[in-house]
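Peer 1: Heads up: the protein sequence lines correspond to chains A and B, in order.
Numbering that gives the first Met the number 0 puts the first residue of the first sequence at 0, with every later residue one more than the last.
Numbering that gives the first Met the number 0 puts the first residue of the second sequence at 0, with every later residue one more than the last.
What the hints contain is simulated information worked out from the structure, not anything from laboratory work.
Check the hints yourself; a few may be wrong.
As the list claims (entries may be wrong) - If you want a taste of the chain B side facing chain A, the calculated C-beta under 10 Å gives, among others: (1) Leu2; (2) Cys5; (3) Gly19; (4) Gln29; (5) Asp35; (6) Asn74.
Even for Gly, the Cβ is constructed at its ideal location relative to N, Cα and C.
Listed below are the residues making up each chain.
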Amino acid sequence: MKKNLRVKRSKHIDETYKISFKFNGKLYYGFKGDTLASALLANDIHLVGRSFKYHRPRGIMTAGSEEPNAIVQLHNNSPWTEPNVRATEVEIYEGLEASSQNCWPSVNFDIGGINNFLSPLLPAGFYYKTFMWPASFWEKYEYFIRKSAGLGKSPTKPDPDIYEHRYIHCDVLVIGAGISGIISAKIAAKNGFKTLLIDEKPYLGGSTIYQNSEYFKINNQNSGSWLEKEINEIKKIENLEIKTRTSVAAYHGYNYLLAKENLTDHLPIERRKNKTRHKLLKIRAKKVVTATGSIERPLIFDNNDRPGILLSSAIKKYADLFGVACGEKNILFTNNDSAYETAISLIQKGINVEAIVDNREKVDSKLIYEVEKNNIKIFKGHTIVNTYGYKRINKISIMQLSKDGQNVIGSKIDLSCDCLGISGGWTPAVHLFTQSGGKLKFRDEDQVFIPNAYPSDQISVGACNGDLTLDSILVNVPKSLKDFLNIKNNVYESFEVLSSYNNSKRNIWLLPSDKILGKTKSFVDYQNDATAKDIKLALREGFKSIEHVKRYTTTGMGTDQGKLGNMHALGIISETSEAKMGELGTTTFRPPYTPLTFGTIVGRNVGEYFDVYRKTPIHEWHVKNNAKFENVGQWKRAWYYPRDNEDMFQAVQRESKAARESAGILDASTLGKIDIQGTDASEFLNRVYTNAWSKLQIGKCRYGLMLNEDGMVYDDGVTTRLSENHYLMTTTTGGAANVLGKLEDYLQTEWPELDVYLSSVTDHFATISVCGPNSKKIISEIFPNLDLSDKNFPHMSFKKTKIGKIHCRIMRISFTGEQSYEINVQANFGKSVWEKCMEVGKNCNITPYGTETMHLLRAEKGFIIVGQDTDATMTPIDLQMDWIVSKKKYDFIGKRSLYRSDTIREDRKQLVGLLTDNPNEILEEGSQIVSDINKSPIEMLGHVTSSYFSPNLKKSIALGVVRGGKNMLGQKLIIPMENKKINVTVTDPVFLDKENKKLNA
Amino acid sequence: MFLINCPFCGEREQSEFKAGGEAHIVRPKQPTELSDDEWAEYLFMRKNIKGVQFERWNHVHGCRKWFNVVRDTSNDQIKAVYKMGEKPPN
Ligand SMILES: [Zn+2]
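All chains, full assembly: derive it from the sequences and hints.
Peer 2: Here it is, written out as structure tokens:
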């Protein structure tokens, strides 16, 4: 018969509101207010998964975000599926479906469990050592490992949910709404600070809110009741915003924090529609109060990982908050007073406590007396040496500890149980503090790390600052806040506090056993299956740094980042290597504190909003005329315009032929345009380009090449002299922003004496390029009053004119080798001028062409594309463009580098043309070029940078960079491909019209 | 993400700025008169300090001005900002 472990009513659970959910396919019931974990425990289910390496059965261990074991997949195989969710954080709702992870084929029968029996073969570093050799075996191992050790399945369907980002600015951010956070928020808000209080849980009050004991009182009220009144009061404060279900993921420098606000995960799926699921809060706070509390430590002993073993504080929380008994025969094992608080709670609720095992010999504590009064057997000075039960704990063995705590003595006592609560004291949750760059110090008396120096305007208060008892919190928190906020109004008068907790603790990082260490499995990191033995092995093998031990043993490398066991790992290292804890340092806690969904990170930036993109003023025309687009930087550029059933190759061949035979038209609006004005504009151009500019006449255009200071080609483009002190520079589409930045840099920092002003005008103009033998005819029909004769308007010159009232700048420049005219008009007239060109050019079969055809046409002419035929290692000399490098100019950017010992080497990679022996064979861009295929290893000489089939030359052409290529004209080289080798001949990079006859035809 | 106090605009998010490397490296006035080694010194050699570093920043998504920042690279604390051409603080 199924047990019902729901005990006395808890006011946090609504027993009138029944909720059904499925776990591993079976239907269960819980109540409103339950988490998946509390509901499963109420149904007597502890076993929820399998461990990562040994596939040992594992149960719910905690009641919070630190959970290492109870990691589940929600709504498997649906669009709402989510892996690696902590059952302790999932609030149940009608229709919830959860399943275990990491337990193929099932949680109860597990093929990987065989690893447990083979475990002597699986020590630390096993994966590194074994599966790496022989390399060919990896394929065999991999299948088995991946299949049996998966950590959840990623969704395969599109995410149906909505996510948002929100910026928040506040005076004071309080992280954590336990008693310390509530007090802090109230003090800050009451003093007029715009305050934000956030907590990861759905309720406020932390662990104090369910503290209902005669032994912890504030102003003569039970601490829980006192806090409840405080909460009701702060909810009314206007300048205090409170957010629950919100967890801080990252605490960056300068008080910049990222938090995830969870808005719909607790709702049934049908009620989430059209609602934002998660909000990523980007918080910039003037001051931050961290009040993240503390996490209970487990104890490290043999077989400390069986289902039914929980943190003692978790058992208390399940009883007090959820009204659930984790077992019917509970034993608690502790080294401090906390387990007695748990015992008192259980007794109060009528839950059976069999015994308490306490490491300590003699302690004078009111809590212990109370427990003893209830006739509960306490084994003082004892430790657990082993536990039993495969899928659920059923027995423990205990022995007496020696005086020094290093050995066990006497005879073994067996105690039967179905649940074991363990308490190793408390670890302040300093994760966020260290993320922010804060440094810790070690407090020897109770072996905890606490904040030492704050890197920004922040403070840690309460348990996360090492104040682990009610009385120290109530004394210290208001005092710290007063100094931190520099305020007079303390808000709180002094408190009358009753706190019966005795601070004594007997800290033994690794508890002794009657077995030798090699025969024990004392887990330090539950999620990654790292044991004390593994850590000691790593130290024996010579690993010293905590960071190395962590990686070798994988301690702390799970999704929980070792929130439970990191301190023990440090402790064991410290004891074994005899280094002081404070000097060992800690491993780094990295964001996120708890995992984030991708949706949260991405927010609204999905689909077409993934990135910003830029459209030219003529974009809509391209869309209407069936253009395919390619991304160039942020621009959407027309790539080619397929007609009928043309594929890309066919379309490009047609467009290329048309441009050379009659007329082509290209939207060149994306080219970067920089307006340059000032009395020193000519001198400025002289300094930034390799060629000379002082003598360029007004109304003339010139091609320029820009280098980096290291002599490598950076950008190129045509610049036009519009008037005496006014130039218009064009840059590559992708390089525009960087070129402007670079020019500004030189102007502002190196040559502030120059009178030059730069403005980006890329978006201000639409640029339409009409090319081909009929381009002149088309232009003359659009501009009947313009004298287009070669004498009046020669190649590389510019005219200002008008169409009606529209001002136009026309440049006669060419990137195709054909006679071409570039019409620049104010952007909003771009589309109508384009349409005019199309209309006028109809008789000449004017053909719109895209970037692909543009690339093909320029390749026929051997014109480079910066970034395609060059990378950051090509000088103009390498490109065989010596002609553009002025010998006369004293200096320009990059000049000195052109004769460094490295740049003058003859065997640098140089740009050449490549022709395949078979004219129909088209090379693949990026293919390697070699000369001797029999040499071993084969020497790579270079690679193909551009390759096309030229419809005008009726053969395949290519550009490439080849080591020493300049002197290899006519030489045969080889392009080795997967199944063949292609023979090519090195040629001049100019394939068509070497004499530039077409430009002036 | 830290905050930078642009000397022209005031305090803004780091994401508005672009880092420009070590400050106070002056481009030689007569590069052609330098040996390969001297030119290489200017071209390639940069400090990579853990601690207080003088560096250039550009308010690229703001006023587009270049200026200098004194930053502790170990904790991103900014000690001072000053305009191009101004003397660095001690
Ligand atoms: Zn600025």
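Peer 1: Confirm or reject each hint.
Peer 2: Against the structure, the hints:
1. Leu2: Cβ of B/Leu2 sits 5 Å from chain A, so the hint holds.
2. Cys5: Interface hint status for B/Cys5: violated (13 Å vs cutoff 10 Å).
3. Gly19: Interface hint status for B/Gly19: holds (7 Å vs cutoff 10 Å).
4. Gln29: OK, holds: B/Gln29 within 10 Å of chain A, min 8 Å.
5. Asp35: Given a least distance of 5 Å, the restraint on B/Asp35 holds.
6. Asn74: holds (5 Å)
The structure is inconsistent with hint 2 alone, although it conforms to all the rest.
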